[in-house]
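Let's have the full structure, built from the sequences with the hints guiding it.
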Amino acid sequence: MTDNYLQTLNDSQREAVLALDQPLLIFAGAGSGKTRVLTHKIAYILAEGLYPPSAILAMTFTNKAANEMRERIGHLLPHIDIRWMQVGTFHSIAARLLRREISLLGYSGNFTIYDEDDARRLLNNVVDELQLNTKQFPARMLKGVISKYKNTLQKPQDVTESVSTYHDEKIARIYAAYQDALRRNNAVDFDDLLLLPLDLFQNHPERLRIYQDQWRYVLVDEYQDTNRPQFQFVQALAQTHQNICVVGDDDQSIYAWRGADIRNILDFENTFPNAHVVKLEQNYRSTRNILEAAHAVVVNNADRAEKKLWTANDEGDPILVLECFDERHEAQRILRRLQKIRSNKSLSWRDFVMLYRTNAQSRALEDELRRQGIAYRIVGGTKFYERKEVRDILAYLRLLLNPNDEVSLERVLNFPTRGIGKTTLERLREAAHHGGIGMFEQLIQVTALPVGPRQKNALAVFHKEISRFRKMVDSQPPDDLVEELLQSFQIREHYEQLGDIEGQERLANIQELVASVAEYREHNPESGLREFLEEVSLLTDIDNWNASADAVALMTLHSAKGLEFPVVFITGLEEGLMPLRGGFDDRADLDEERRLFYVGVTRAEKQVILSYAVTRRRYGALPQPMMVSSFVRELPEHLVEHKALQVTAKTSGDQKATFDSIAKSRSGEEAVLQQGDKVEHAMFGIGQIVRMEGSGERARVTIKFSGNVSRKFIAKHAKLKKL
DNA sequence: CTTAAATACTTTTTT
DNA sequence: AGTATTTAAG
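Numbering follows the working numbering, in which position 448 of the first sequence is assigned residue number 452; successive positions increment by one, without gaps.
It is possible that part of the hints are untrue.
Said to hold, decoys possible - Derived lysine-lysine pairs resembling BS3-like cross-links, with alpha carbons at most 27 Å apart:
no., residue 1, residue 2
1, 349, 647
2, 147, 174
3, 311, 344
4, 468, 426
5, 159, 174
6, 68, 387
7, 139, 152
8, 426, 139
9, 147, 159
10, 647, 344
11, 460, 475
12, 392, 283
13, 392, 139
In case anyone wonders, no lab produced these hints; they're calculated from the structure.
For clarity, every value in this text was computed on a predicted model and none was experimentally measured.
In structure tokens:
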């Protein structure tokens with residue numbers, strides 16, 4: 005049986021599966037069968053009885069990847085019980101570990117996991133309490149800075165020692181106070197989830213030894229996206245037995261902005277000196293054209309490990325490039341093309357994906373899909389569990405489990421409105437912190453609070469009701485508990501009273517939440533509310549995506565990592581959007597954008613269609629003229645079929661009008677042009693001025709573009725960019 | 001304290 | 001453009 009499935013692997017894949025006595029680094033190019041190797045490797049270990057399932061620890065970045073891996077291993081080994089095999093995201097594995105161990109670090113096991121929004125609320129409170137201005141220290145910025153500190157393993161003390169400016173000193177103060185507040189709330193943020201296990205290992209080596217003994221073989225997927233804490237976590241677990249296997253591709257590293265450290269992959273051999281390296285370079289996914297195109301772009305990056313994918317697949321179709329007038333036109337053109345391919349190649353809706361750089365770009369595509377009545381599934385955007393009404397209910401539930409969670413307490417204290425306003429809340433917080441107790445505890449003694457009798461009563465009633473529910477948490481099934489909670493706090497009534505469509509929608513969402521709790525209970529009869537909340541807070545965008553539904557998929561390029569589709573559309577390929585210009589033009593940033601583009605292209609099996617719009621509207625502003633992305637220009641001409649925009653009578657009146665008005669509005673500060681200058685035209689791309697006629701308002705230029713195309717423009721209206 | 005109106009802010013990607 | 005938060009009126 006073992007031989008059977010090893011035969012389906014190619015030589016390097018087999019080598020990667022069988023290499024077990026040294027640390028192993030697998031360079032796995034896009035579509036080279038990385039997941040296959042990981043699952044077969046684990047299956048091999050288990051089938052040969054080298055280690056039991058409980059000794060396997062496999063870490064991924066999304067729950068979807070983890071579930072798939074578990075499922076595929078189960079499929080390979082139908083007779084082995086793999087329930088005790090640990091496969092999960094870094095964050096969920098760390099959370100599970102902390103539930104058991106965190107009391108050693110001064111938290112309690114019922115800690116709450118704070119997401120971005122919770123953390124920001126807490127930061128605002130902290131800044132308030134330090135009597136600083138939340139405008140001068142916006143939570144968003146603070147969270148980013150603190151995250152960076154945490155990702156580089158800098159504690160508040162380290163930061164405090166190294167600050168120089170007033171601003172930095174304050175931030176260090178806030179960081180320290182934030183960390184204290186988290187502890188007071190018995191809460192951890194996403195970064196802590198990875199950092200606290202490191203503290204545990206350092207301060208309690210005997211605990212580390214237990215996990216080293218338990219997890220005898222450690223595997224890491226998407227290793228190029230690990231950050232420093234994740235690396236140390238893995239290293240700590242594997243350092244004694246050195247049984248570690250990591251799989252990654254530096255060309256697909258797209259999370260440096262979140263602290264992913266590409267050195268983790270490039271330095272693997274330094275950390276594990278006798279590491280074995282296997283490269284998987286045969287691609288099974290894409291056509292030759294797609295692979296060649298992707299390669300032609302990514303070779304422009306500095307600092308990449310030298311490798312080149314190859315494939316035995318057909319040459320396939322050329323890369324189509326659609327030039328569009330604006331985002332609406334882009335959506336129309338994409339759908340026309342999609343329909344055409346679908347009927348020509350008899351594909352299903354699910355065979356198509358539309359990718360974009362930013363979530364906001366989905367709107368135009370969605371509008372057109374809806375207009376044409378085509379089923380689509382969108383990944384990301386406003387997530388279900390981030391809706392206000394859903395979060396409010398979750399806040400109640402979190403408070404039941406962890407009464408120290410003041411972010412949740414403050415969220416529900418006056419929801420639905422019960423006459424407890426800002427002042428009352430402030431007084432309550434003051435009294436509690438002054439007395440060195442939690443706000444929830446303070447609710448027991450409301451008589452001493454300097455607030456009105458109505459407020460006192462409301463607070464007391466609230467406290468009594470929450471306390472009643474707290475006693476029920478462990479005995480009641482979670483879905484019943486939620487239902488009773490909705491009743492008791494009259495939450496449905498609150499939305500019914502609104503009597504508008506929005507209220508109806510929110511009611512429906514609450515119903516969906518109840519259903520999802522019930523569904524969770526059904527699938528996990530042994531788990532309770534705590535486990536449900538943990539799962540919910542560690543969900544990733546892609547986890548909710550059902551690939552089997554027959555619908556066109558829409559998602560960001562980031563979400564698409566690890567997926568594959570017969571036909572891939574990459575939209576919005578304009579300079580400034582893809583690559584996205586963010587602040588400074590750092591070389592490393594541009595390279596990461598290029599890798600993102602590479603990830604997008606290599607998702608495709610059969611065909612890649614790129615599109616860009618000549619004008620695009622960005623958040624309510626007037627449409628801006630856009631230039632085609634430099635990445636598109638890096639594609640070799642022989643692989644590309646360019647479908648240019650026809651500026652003829654076909655172009656509708658209002659499109660022309662808009663374009664003219666943009667040209668006019670932009671013509672104010674025109675650079676002085678002269679013959680021989682290289683210029684860029686929004687619609688035609690780069691060209692050279694071959695002739696100039698007239699001057700001032702009536703100056704005309706003749707420009708020769710690539711492909712020996714010449715055009716004549718009125719300089720004032722042509723919106724030319726001098727290069 | 002609550003509701004309605006005004007204004008600020010967003011859009012980079014996410015565990 | 002749309003949402004969220006802040007401010008003013010009730």
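Consistency of the hints with the structure:
no., hint, in the structure
1, 349 to 647, "holds, 20 Å"
2, 147 to 174, "holds, 14 Å"
3, 311 to 344, "violated, 36 Å"
4, 468 to 426, "holds, 21 Å"
5, 159 to 174, "holds, 15 Å"
6, 68 to 387, "holds, 16 Å"
7, 139 to 152, "holds, 21 Å"
8, 426 to 139, "holds, 19 Å"
9, 147 to 159, "holds, 14 Å"
10, 647 to 344, "holds, 15 Å"
11, 460 to 475, "holds, 23 Å"
12, 392 to 283, "violated, 47 Å"
13, 392 to 139, "holds, 24 Å"
Of the numbered hints given earlier, the model fails hints 3 and 12; all others are met.
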